[in-house]
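Colleague: What follows is the residue order along each chain.
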Amino acid sequence: MLFYSYFKTLVGKQVTVELKNDLAITGTLHSVDQYLNIKLNNVHVVNEQKYPHMMSVRNCFIRGSVVRYVQLPPGSVDVELLHDATRREARG
Amino acid sequence: MGTNVGLAPMVDSTISVITNDGRVIVGILRGYDQATNLILDECHERVYSSKTGVEQVVLGGLHIVRGDNIAVVGEVDDEIDQGLNLSATRAAPLSPVQH
Amino acid sequence: MTEEDATVKEPLDLIKLSLDERIYVKLRGDRELRGRLHAYDQHLNMILGEVEETITTIEIDDETYEEIIKTNKRAVPFLFVRGDGVILVSPPLRQ
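So the sequences go chain by chain: P, L and Z. Those letters in the first sequence? Residues 1 to 92, per this note's numbering, in order. Those letters in the second sequence? Residues 1 to 99, per this note's numbering, in order. Those letters in the third sequence? Residues 1 to 95, per this note's numbering, in order.
Simulated from the structure, these hints should not be mistaken for lab results. Treat the hints with care, as some may be off.
Pairs of lysine-lysine, DSS-like flavour, derived with a Cα cap of 27 Å [unchecked claim]:
hint	chain 1	residue 1	chain 2	residue 2
1	Z	K26	Z	K73
2	Z	K9	Z	K26
3	Z	K70	P	K50
4	Z	K16	P	K8
5	P	K50	P	K8
6	Z	K16	Z	K26
7	P	K8	L	K51
8	P	K50	Z	K73
9	Z	K70	Z	K26
Here chain P stands alone, though its shape is the one from the complex (with noise of 0.2 Å):
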């Protein structure tokens, strides 16, 4: 549940998710559920001329299972939070 409240606490910021297919799309994080599936809003994709495949979405559902990466606005990640949060994980 650490990362399902995690990115929820995210919601509004802009992020951006890299997929298993290689694709990337910046948007503004709407929401997440508890299998880490993500809704954004406002999207583009990175590279367009190279993947003009999505060019009509501008609201998406990306399923958690094909993410690989989320790139974090630094702004907003507060380490000490995680660090605590993780600990507390742990211990179970």
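We have chain P already, so just place chains L and Z on it with the hints.
Modeller: For chains L and Z alone, coordinates are given in the frame of chain P:
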């Protein structure tokens, strides 16, 4: 348990589905479940090629797409979509998802 | 650190000791990450900071059929990594 990231707002509107094998399927979302299984109506596939423009292949009627094979579900903005010049769009097909 | 925290009984205990340390992560698809571990869970989902990603690709020369190994590096400030792509995690790098 918990909330599923809602596909609810997309029901009865045009969506574009990117499948794990790299295909792009456009259709009207009629239903979905927890596992992201989708019911799609009036589908067509958009086949991208770096040599020719986008080819639209009619798939017709109702289809169920299994959630495990879905990467992205995009809400299609009809206005932008109608403005696209697909026959002049050249791009390699998307790579398959590699888990 | 309490004694309870310091004992290593299972693999994840070793990762617990790496919190806030720089670690090495090997991923599927010939990708490697070096970065500071800020969070993880039982799936090995992670958040890393000051990340350097290295992607290795092998190209075959058209004429000589020689294998050309190329590495691409990039830096990312903060990265969430989905655990299903993780092959191995190494504790703090000793420089």
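Colleague: Run every hint past the structure and note whether it holds.
Modeller: Taking the hints in turn, this is what the structure says about them:
Pair hint K26 of chain Z plus K73 of chain Z holds up; C-alpha atoms about 14 Å apart against a cutoff of 27 Å. Between K9 of chain Z and K26 of chain Z, the direct Cα distance comes to roughly 23 Å. Compliance with the 27 Å bound is thereby established for this hinted pair. Distance check on the hinted pair: K70 of chain Z and K50 of chain P sit about 21 Å apart at the alpha-carbon level, within 27 Å; holds. Taking the CA atoms of K16 of chain Z and K8 of chain P, the gap is near 24 Å; set against the 27 Å cutoff, the hint holds.
Proximity of K50 of chain P to K8 of chain P is assessed by CA-CA distance (about 31 Å); at most 27 Å being required, the pair is judged violated. The suggested pairing of K16 of chain Z with K26 of chain Z holds, with an alpha-carbon distance near 18 Å, which does not exceed 27 Å. At most 27 Å may separate the alpha-carbon atoms for a hinted pair to count; K8 of chain P and K51 of chain L exceed this at roughly 43 Å. Restraint check for K50 of chain P and K73 of chain Z: the C-alpha separation of about 21 Å stays at or below 27 Å, so the hint holds.
Restraint check for K70 of chain Z and K26 of chain Z: the C-alpha separation of about 17 Å stays at or below 27 Å, so the hint holds.
When held up to the earlier numbered hints, the structure conflicts with 5, 7 and fits the remainder.
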